[in-house]
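Visitor: Read off the chains here:
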Amino acid sequence: MNTEAITFTIDGKKIEARRGDTILEAADRAGVYIPRLCWMKELLPAGVCRVCTVRVNGRPQAACTQPAAAGMVVENDTEELRQLRRDLIDMLFVEGNHFCMFCERSGNCELQALAYRFGITAPKYPFLFPRRSVDASHPDVLADGNRCIRCGRCVRASRALDGKSVFGFTGRGPQKRLAFNGPNLAATDVAAPDHAIAACPTGTLIVKRVGYKVPIGRRLYDHSPIGSEIEPPAPEK
Amino acid sequence: MSANLQEAIGPVCESFGHDRTRLLDILLAVQQRLGGIDDRAIDAVAAELAIPRVDVAGVVSFYTFLAPKTRGQLVIRLCNDLPDLMMGAEEVAAGLEAELGIRFGETTPDGRFTLEWASCIGMSDQAPAALFGDVVVPRLTPGTARRLVAELRQQPPGADLHRLLVRAYGDGANAHDLVRAAVENNLRQAGEVIFAQAEPDAGLSKALAMSPAEVIREVKTARLRGRGGAGFPTGMKWEFVRAADGPQRYLICNADEGEPGTFKDRVILTERPDLLFEGMTIAGYAIGAEHGILYLRGEYAYLRAYLEHVLARRREKGLLGKSVLGKPGFNFDIRIQMGAGAYICGEETALISSCEGLRGDPKNRPPFPAQRGYLGHPTSVNNVETLCCVPRIIQRGSGWFASIGSRRSTGTKCLSISGDCTRRGVYELPLGTTLRDVLARCGGEDAVAVQVGGPSGRLVGPEAFDREICFDDLATGGSLVVFGPGRDPLWVASQYMAFFIHESCGYCTPCRVGNVLLKERVDRILAGRGEPEDLDYLRALATTVKTASRCGLGQTSPNPVLSVLDNFRPACEARLKEPFEGRQTGFDIAAKLAEAQRLTGRKSVHFDA
Ligand SMILES: Cc1cc2nc3c(=O)[nH]c(=O)nc-3n(C[C@H](O)[C@H](O)[C@H](O)COP(=O)(O)O)c2cc1C
Ligand code: SF4
Ligand code: SF4
Ligand code: FES
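These protein sequences, in sequence, are chains A and B.
The first sequence begins at 0 in numbering that gives the first Met the number 0 and counts up by one.
The second sequence begins at 0 in numbering that gives the first Met the number 0 and counts up by one.
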């Protein structure tokens, strides 16, 4: 593996990277948070959600798939890009049926956490209220299609980490849907401990009978915003 | 698995060597045998190939020509592109519905007929047109459509319907024994490059006497740019592929021709197949490929047997196969990959996915196809017309080619012209021709607007008619749709957004969701309920979709909306309503209450709609 060091800048800050790093990986190591949703450390990046869009020498690129290159000038935390990301998060909300107050993932959900980080209280786009299905056939795992953002993390995790192929997609365009490797979830070899279930950033894939084990108020994003695991703590005001 | 299913599916998979990357061909063949692909067939294919069933289901549900549910024995797909709608496709649809007693999207109770809308099938110059199975039936009227289905109904099951569907053959090779199509070429103007008479395979002989690097240099000196839309310099692309590492390289010809209003590649495939295969062979030689693939859109399946025949003849003549034209060490052959009704598969990385037997999702770049394309091998994807320029450049020289057209846009361009004009068809004109000149040729002088370059291009008004058709001004992959007096630019935008919604692969957020949102607001303005702030809303949304989308589809799909905002703003503003006494015009209370009223069986006291 080539580990030659290169440098580039994000919002003027000098970033060290190894050849072969994506922009997002290099940024993470340097403590610069680039918002992301379909990306997961253990998985190959897929460039699905576009929340990580940055400008590279002026051109929009997905930071999770774009390799870092010496001397590139990356814009990340600009008003234009913050607005773009808000728009994308808004789209994901109106595209599904997200009722956070009834969702077991509330407080641990990456979509909700991003909305809070970006100060979204209500989406500006009209709700599309799609008809989606809930699959409760499996004894241990529930899939609520209303909350699926088609990020494909479960699809990739099942294959790469669990050695299974429980999930996939059918249809295209707005009709693209989460699908299972069988007529329903019970007919697949999914199991509650699968990485694929934990990989879901929203409340779509839920393990049964452990709901609210961690009470609301003590959940992942209840006290510090998403991204603070990467950014250095903000100086005391 | 039932024995019958196994019997049907086993041999099909066998004939493709149980190769998972040929899944699209396998599914098309299975569908041909069984008449449709249901869940049991999906299970059987998955079991035969030992792949997850969800992957097979994912592919089946991606392509509109593969049917996840069982359709009727004959699927009638009526084209809903704008020229078709302008020429009365909706009246034809009503006629078909009345005759068959079903609505679009439905199948007759006897399981014989299904009615569906199709995105542009490449017949805009002979609209309204429909596919009856694989057979193209152009120039429909409500009367002929009704008579046709009435006659089809009288036929015993299994009868040969072709004779009924095609009463008269079109011109040129459309009348060939292996085509037998009613399609007309409507070739109005043959130019110097593609449709000129030329000595067959003279370019190929000359190329094989040169080194591959010399061939590439000649193409670069001619300044040939891709005709598929993006205008990338062809020689440069070939150089990248040639320079890439790998034991094998691939040459793919993009004959997906899905951009609505484009049909020039169809006429080239019909009338100049040898020129195309000659060009592919030269390209293969230049980049060092042994394998070529012609990706032929499913809508043009009626040309397949003919094209296979031309390929076979070329093999016999030694123009394909081992040591082409006796050139030691240069082996090259071509296979045809059928598409199955997905516009996105014209995008080069989606096209590669499709050739690999996957859903037609574009791939992440980098790596680019030139580095890692088809099955991971360096691949050049080139348009039909681009490849047809190559033999002529080699034969007549780059200087000759570069002397046609303008400085940065050399050569000719085949234009597909349809809509409100009197002489619809294909025109091969030097690049740099003005739009006004083109309109005069096609009898579209009274145009109020012209869509240049398909829905992802631009809708321009008369103030732009003196601009030139070339890569640096009005760029087009080939389509010009003319709109005469009385046509509504906002309606055009709404129809094109419907197209993009239907054709988005759905992979990335902005395109999957944003196009739906754009259409919602355009339609609201169209319905007279738009508010002044909707124009800014549309522009901001369009910008987000263009900026954040992952591939060329989403990066250009908002263009119809932006064109209207930029070039036809008065048409929008005239429809807007100022909010009145704080009430939102865009909010339609009657519509919102309709479902609640239906469910409760009561009417609203205040808003009785
Ligand atoms: C959504 C989309 C659809 C496309 N459809 C086609 C097509 O039908 N035919 C084509 O030649 N190029 C099409 N292209 C362009 C191809 O991606 C690619 O640039 C082209 O085939 C390269 O060939 P060329 O350099 O000879 O033009 C499409 C691009 C996009 C983004
Ligand atoms: S189920 Fe979860 S992980 Fe899978 S695509 Fe939907 S949101 Fe993503
Ligand atoms: S822009 Fe549209 S077509 Fe392209 S990857 Fe995204 S969803 Fe698919
Ligand atoms: S995190 Fe990069 S596209 Fe989703």
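It is worth saying that the hints were derived from the structure and are not from the lab.
The C-beta atom is built at its ideal place from N, Cα and C for all residues, glycine as well.
Watch out, some of these pointers could steer you wrong.
What the hints assert, rightly or not - Reference excerpt, derived from the structure (chain A facing chain B, CB under 10 Å, subset only):
id, residue
1, L91
2, F98
3, K123
Visitor: Identify whether the interface hint at L91 of chain A stands, where standing means a beta carbon of chain B within less than 10 Å of its own.
Guide: Where the cut-off is 10 Å and the nearest Cβ of chain B is about 6 Å from L91 of chain A, the hint holds.
Visitor: Using Cβ atoms only, decide whether K123 of chain A comes closer than 10 Å to chain B, and label the hint accordingly.
Guide: holds (8 Å)
Visitor: Using Cβ atoms only, decide whether F98 of chain A comes closer than 10 Å to chain B, and label the hint accordingly.
Guide: Constraint on F98 of chain A not satisfied, violated at 18 Å.
In the structure shown, a violation is registered for the earlier hint numbered 2 alone.
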